[in-house]
Amino acid sequence: MPVVTLYYDRLKKLVGKKGLKEILEMMPYVALDIEEQSNKYVKVEYNPNRPDFSTDYGIARALRGMFGIETGVPKYQQSKGNVLVNVDASVKKVRPFIVSMVALEGRLDDEGIRQIIAMQEDIHEGIGRKRKKVSIGIHNYDVVKSPILYSTENPSSKFVPLNSNKSMSMKEILENIDVGRQYAWILKGHKRFPVIKDAEGNVLSFPPIINSELTKVTESTKNLFIDITATDLKAAEDALAILAITLYEAKFKIQTVKVNYGGKILETPNMKETVKDLKPDYANKLLGLKLNANEIAKCLAKSRIGANMGKNSIKCRIPRYRIDIMHSIDLVEELAIGYGIYNMNATYPRSSSAGARDTIMSILDKLREGLSGLGMIEVMNFSLVSKEVQYSMMKRGMSNILAVEQTKSIEHEVLRDSLIPSLMFTLSKNIHEPYPQRIFEVGKVFFANENNVKEYWSVAGAIAHKDADYTEAKSYLQALLDSLFNIKVETRAVTNVILADGKSAEVVFNDKNIGMIGEIKETIINNFKMRVPVSVFEINMSYLLKI
Amino acid sequence: MTVDVKTLHEIERRLIKALANGKLTFDILTQKTGLNVDQVRRGVEWLKHKNLVNVNEKITRSLSIGSEGVKAAESGLPERRLVNLLLSIKEIAIPDARKQSDLDDIEFNVAISNARTKGWIKIVDGKIVLGDSITESNEERLLSRLSKEKLLVDMLNADELTAYQLLKKRPNFIEEIEVKSVEIELSQNGLAIVDQVMKQTEIERAIDVSAPAPVIYPGRKHPLQDIIDEVREVFIGLGFQEIDGPLVQNSFWNFDVLFTPQDHPAREMQDTFYVANLQANNVADRKIVNNVSSIHRRGWNYRWNIDDARKYVLRTHTTPVTIRYLADNKPDESRVFSVGRVFRNEKLTYKHLAEFYQVEGIVVGSNVTLRDLMGLQTDFYSKMGMRKVKFWPSFFPYTEPSLQSMVYYERLGKWVELFGMGIFRPEVTIPVGVKNPVLAWGGGLERIAMLRYGLDDVRELYSNKISWLRSVAKCQL
Numbered sequence: 093m094p095v096v097t098l099y100y101d102r103l104k105k106l107v108g109k110k111g112l113k114e115i116l117e118m119m120p121y122v123a124l125d126i127e128e129q130s131n132k133y134v135k136v137e138y139n140p141n142r143p144d145f146s147t148d149y150g151i152a153r154a155l156r157g158m159f160g161i162e163t164g165v166p167k168y169q170q171s172k173g174n175v176l177v178n179v180d181a182s183v184k185k186v187r188p189f190i191v192s193m194v195a196l197e198g199r200l201d202d203e204g205i206r207q208i209i210a211m212q213e214d215i216h217e218g219i220g221r222k223r224k225k226v227s228i229g230i231h232n233y234d235v236v237k238s239p240i241l242y243s244t245e246n247p248s249s250k251f252v253p254l255n256s257n258k259s260m261s262m263k264e265i266l267e268n269i270d271v272g273r274q275y276a277w278i279l280k281g282h283k284r285f286p287v288i289k290d291a292e293g294n295v296l297s298f299p300p301i302i303n304s305e306l307t308k309v310t311e312s313t314k315n316l317f318i319d320i321t322a323t324d325l326k327a328a329e330d331a332l333a334i335l336a337i338t339l340y341e342a343k344f345k346i347q348t349v350k351v352n353y354g355g356k357i358l359e360t361p362n363m364k365e366t367v368k369d370l371k372p373d374y375a376n377k378l379l380g381l382k383l384n385a386n387e388i389a390k391c392l393a394k395s396r397i398g399a400n401m402g403k404n405s406i407k408c409r410i411p412r413y414r415i416d417i418m419h420s421i422d423l424v425e426e427l428a429i430g431y432g433i434y435n436m437n438a439t440y441p442r443s444s445s446a447g448a449r450d451t452i453m454s455i456l457d458k459l460r461e462g463l464s465g466l467g468m469i470e471v472m473n474f475s476l477v478s479k480e481v482q483y484s485m486m487k488r489g490m491s492n493i494l495a496v497e498q499t500k501s502i503e504h505e506v507l508r509d510s511l512i513p514s515l516m517f518t519l520s521k522n523i524h525e526p527y528p529q530r531i532f533e534v535g536k537v538f539f540a541n542e543n544n545v546k547e548y549w550s551v552a553g554a555i556a557h558k559d560a561d562y563t564e565a566k567s568y569l570q571a572l573l574d575s576l577f578n579i580k581v582e583t584r585a586v587t588n589v590i591l592a593d594g595k596s597a598e599v600v601f602n603d604k605n606i607g608m609i610g611e612i613k614e615t616i617i618n619n620f621k622m623r624v625p626v627s628v629f630e631i632n633m634s635y636l637l638k639i
Numbered sequence: 416m417t418v419d420v421k422t423l424h425e426i427e428r429r430l431i432k433a434l435a436n437g438k439l440t441f442d443i444l445t446q447k448t449g450l451n452v453d454q455v456r457r458g459v460e461w462l463k464h465k466n467l468v469n470v471n472e473k474i475t476r477s478l479s480i481g482s483e484g485v486k487a488a489e490s491g492l493p494e495r496r497l498v499n500l501l502l503s504i505k506e507i508a509i510p511d512a513r514k515q516s517d518l519d520d521i522e523f524n525v526a527i528s529n530a531r532t533k534g535w536i537k538i539v540d541g542k543i544v545l546g547d548s549i550t551e552s553n554e555e556r557l558l559s560r561l562s563k564e565k566l567l568v569d570m571l572n573a574d575e576l577t578a579y580q581l582l583k584k585r586p587n588f589i590e591e592i593e594v595k596s597v598e599i600e601l602s603q604n605g606l607a608i609v610d611q612v613m614k615q616t617e618i619e620r621a622i623d624v625s626a627p628a629p630v631i632y633p634g635r636k637h638p639l640q641d642i643i644d645e646v647r648e649v650f651i652g653l654g655f656q657e658i659d660g661p662l663v664q665n666s667f668w669n670f671d672v673l674f675t676p677q678d679h680p681a682r683e684m685q686d687t688f689y690v691a692n693l694q695a696n697n698v699a700d701r702k703i704v705n706n707v708s709s710i711h712r713r714g715w716n717y718r719w720n721i722d723d724a725r726k727y728v729l730r731t732h733t734t735p736v737t738i739r740y741l742a743d744n745k746p747d748e749s750r751v752f753s754v755g756r757v758f759r760n761e762k763l764t765y766k767h768l769a770e771f772y773q774v775e776g777i778v779v780g781s782n783v784t785l786r787d788l789m790g791l792q793t794d795f796y797s798k799m800g801m802r803k804v805k806f807w808p809s810f811f812p813y814t815e816p817s818l819q820s821m822v823y824y825e826r827l828g829k830w831v832e833l834f835g836m837g838i839f840r841p842e843v844t845i846p847v848g849v850k851n852p853v854l855a856w857g858g859g860l861e862r863i864a865m866l867r868y869g870l871d872d873v874r875e876l877y878s879n880k881i882s883w884l885r886s887v888a889k890c891q892l
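The listed protein sequences derive, respectively, from chains A and B.
The first sequence begins at 93 in my numbering and counts up one residue at a time.
The second sequence begins at 416 in my numbering and counts up one residue at a time.
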């Protein structure tokens, strides 16, 4: 989850009227998790549905509401600007949308710049889906000449990228610069790349990769030109609105930009609030509260939501940066937060029905009880295991395996089709412990079946000591099945790749093969670097129970 | 310093009683007390430490029979063999005796000399004449005893001592070894309490109750399974029915039906395990698929693609089981819960596993509220022994409002984040045909197990060290 760093001096100034202790105590109640604290700053984690929390401006805005310092919908102003962005039809194939704005006469100190850059990065990660969906370019407006053209170019065309002093082709940028290599995947397969140029033909940006050195923003930059390119127009507008509102609160003047999509003009940004209805009954019923419309309005105001009384419902005015509010249920949560979760008392509803265990789980419970009663120790291994242990060390063939894609660890490559390899692995980890060792495991086993995955409950036991043999394993298995189900199984001689010839059987119940029993081959025991014989059994419980 | 007799160990009491009549060696003490050698050694150490006995080292000489002695014990001393020759004839000339006896020259001379000394014969005019009294000699008696057992010189009586002196002069009749031995006797303090000890007869037959017994290990469930079962018991006690479902789900039930957009980062392969080369033909009932498709289009503003929903995923939470239950049963009122494994594509570290347990409970009802959810949660924790709970707002993609719970853990003296919870979004419940609100909560169980068993590294729970499995207490008080 994204993390934002908040310096106390700025935060106190932005919130106003409240001490640090109160501010920190309130944070969890607007869903901010404190991660780390020093004597200068606090790092908080915010939920990815709240990109407006990616700067201290946004967090202070929410806290001011909770403290009652400033409630209701914040007011934002913007003026019409003269900048025009023409969109060439060729971008449709690669990155079809652009929205834009101008922010004037602002002054950002180092920390202000850091906050805005951090916001840009968080938007790239979240709404932007690692820049694939949305990417942001921030430029020095003073060097930009309107009208601007959003178009495509051949990968061989050149410009000087940000933080460089030499001209490079876009192809070279993707190959030779870190940020190019990191995001080249987004443009993979495209013959022409998106480019933003100004009236004089200077490249401003190569979205979603890098800006040009020409429009670099420094501490002395006062006026900003911002572009957002995207594959989804709504996401681009959302991101621009959040950026515009944040810059407004950082004391910039916001001017609109006209974007011309082949004659169809879109004027951005849009900082206007949206309206959604909330029925008081609906909210009270879900929260277990009995608030009247006025009380509801007050709570919503603390969450920075405006409320106008309608006949049967409250017309809620939602600030533009709250892109997470999609449904009236989201307003119910805002109401709860404004009311204060700490003010909500728990209620204890009675159950009208009796609880019960699941039938199969209950049988597995008894399996564990039975095997423990026989003196065996339960072990727990993963369902997702390595090919090495499951197949190679067991000398088993690898046909029809169920592998997962792109695992981060070779310990987790395949879904196991038998529990015995895991038991062997467990025994091999315990060769320094006193023998005899008698262990068991209850777990799922998995098989591919046409376009389906079949999974079954399985139980397996392993016995290791200097005299462990077939007969002992059979004694345990028959004691288990007899004590649990009063059933007798047949054991028929059969060859098995993991079991010693002549000491290997299939377990048969009602003429169906439900498992195996036998002595592990010496070569396999050697593979696990063990020095005592091991006898095992494994029963497919799903077959046995016909489930 | 006096010793309270009652505090004496059974072993000590037995030793004092045996020593009441005087000093004894370890061997004799062992015989007399019936204790084993180790017990005697330990007991003597304890008594010495309490100043109740003195331990003195002593050198004793031990006698055993030599090679000549063995012959003599079988066929008689030379003098006896000579006398036996005379028993019927009463007298014989010396040269004749020499010829008729089976003695060699040296033996013959020794025999004459010793038989005379004992008065068994006289020499009269070159003849050997049988004497009047021919009794068994001391040497013969001693040899006969030595042929059966070793003897200590100190234990011999006066006659035996004489015989020993005589036999010692004859080569290879007796072997003598010096043995260092230890003698234990009661000290002044010991003597002072001996009468009291003698009177304490009632517990004389008690065993050494403090001695360690051999170790045996019981069979048992895995400690994590104990926690799982405890959690299940609490849910059942709160009126919940247990449900179970597959670990491998198609993406539709793991993500789409839960209103997770198809470009959501949680669906990426670097976070989620997908089964390679396998896709579901049929993800769900057509009506539900259509409902989900349109709710995604309206809510997230994109074209929903059924192919993404076909991919098999190792479930990332237990919620697909819950939501399938809701879709299959469309209950108006219900309480169910599910515990099982879930998966995340993570590298194993001390705080992350790729596969772990999650529990999840839901309550469906026409009048259920967020405050009820807080109450259920408080009840649950309280039954798990955690009494202080607080709630913070939170975010989960498929619940709204959402809360997270913080629990005060007494043993650590700190607040710990545990389960998340919320009310299922209408975008989740309406498409599967559930009209009433659904309260849901859940979370990982390993956290609770780590707190309970005092572990810092979550991997320990799956390391299956038999020593740990055998040693961890089933009841954590």
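Among these hints, one or two may not hold up.
Straight line, CA to CA, 25 angstroms or less: simulated SDA-like cross-link-like pairs of lysine to any residue [to be verified]: (1) A:Lys113 <-> B:Lys829; (2) B:Lys803 <-> A:Glu128; (3) B:Lys762 <-> A:Glu137; (4) A:Lys377 <-> B:Asn782; (5) A:Lys222 <-> B:Arg718; (6) B:Lys880 <-> A:Ser484; (7) A:Lys113 <-> B:Leu827; (8) A:Lys280 <-> B:Lys803.
Output of the computed footprint for chain A on chain B, the stretches with three or more beta carbons under 8 angstroms from beta carbons of chain A [to be verified]: (9) 494 to 505; (10) 629 to 643; (11) 761 to 771.
Facing chain A, from chain B, some residues (calculated, C-beta under 10 angstroms) [stated by the list, open to error]: (12) Ser479; (13) Ser516; (14) His679; (15) Tyr717; (16) Leu785; (17) Arg802; (18) Phe806.
Quick caveat, the hints were computed from the structure, so don't treat them as lab data.
Idealized CB from N, CA, C, for every residue including glycine.
Now the hints, each set against the structure:
For a cut-off of 25 angstroms, the pair hint linking A:Lys113 to B:Lys829 stands: about 19 angstroms separates their Cα positions. Restraint check for B:Lys803 and A:Glu128: the C-alpha separation of about 23 angstroms stays at or below 25 angstroms, so the hint holds. Straight-line distance between C-alpha atoms of B:Lys762 and A:Glu137 comes to about 22 angstroms, which keeps the hinted pair within the 25 angstroms bound. Pair hint A:Lys377 plus B:Asn782 holds up; C-alpha atoms about 7 angstroms apart against a cutoff of 25 angstroms.
Straight-line distance between C-alpha atoms of A:Lys222 and B:Arg718 comes to about 20 angstroms, which keeps the hinted pair within the 25 angstroms bound. With a CA separation close to 23 angstroms, the supplied pair B:Lys880 and A:Ser484 stays within the 25 angstroms bound. Restraint check: the Cα-Cα separation between A:Lys113 and B:Leu827 comes to about 24 angstroms, which is no more than 25 angstroms; the hinted pair holds. For the given pair, A:Lys280 sits about 54 angstroms from B:Lys803 by alpha-carbon distance, which is inconsistent with the 25 angstroms threshold.
Chain A is given as covering the region 494 to 505 of chain B, and this is violated because 0 residues of the stretch bring a CB closer than 8 angstroms to a CB of that chain, at least three being needed. Restraint check on the region 629 to 643 of chain B versus chain A: 8 residues with Cβ-Cβ distances below 8 angstroms, three needed, restraint holds. Three residues within the 8 angstroms Cβ limit are the bar, and the region 761 to 771 of chain B against chain A gives 5, so the coverage statement holds. The beta carbon of B:Ser479 is not positioned within 10 angstroms of any beta carbon in chain A (closest approach about 43 angstroms), and the interface hint is therefore violated.
Checking B:Ser516 against chain A by beta carbon gives a least distance of about 66 angstroms; that is not within 10 angstroms, so the hint is violated. Because the beta carbon of B:His679 sits about 9 angstroms from the nearest beta carbon in chain A, less than 10 angstroms, this interface hint is met. With 10 angstroms as the threshold, the beta carbon of B:Tyr717 comes within range of chain A, its nearest partner Cβ sitting at about 7 angstroms, so the hint holds. Interface restraint check: B:Leu785 against chain A, minimum CB-CB distance 5 angstroms, threshold 10 angstroms, status holds.
The beta carbon of B:Arg802 is not positioned within 10 angstroms of any beta carbon in chain A (closest approach about 13 angstroms), and the interface hint is therefore violated. A cut of 10 angstroms between beta carbons decides the hint on B:Phe806: the least distance to chain A is about 5 angstroms, and the hint holds.
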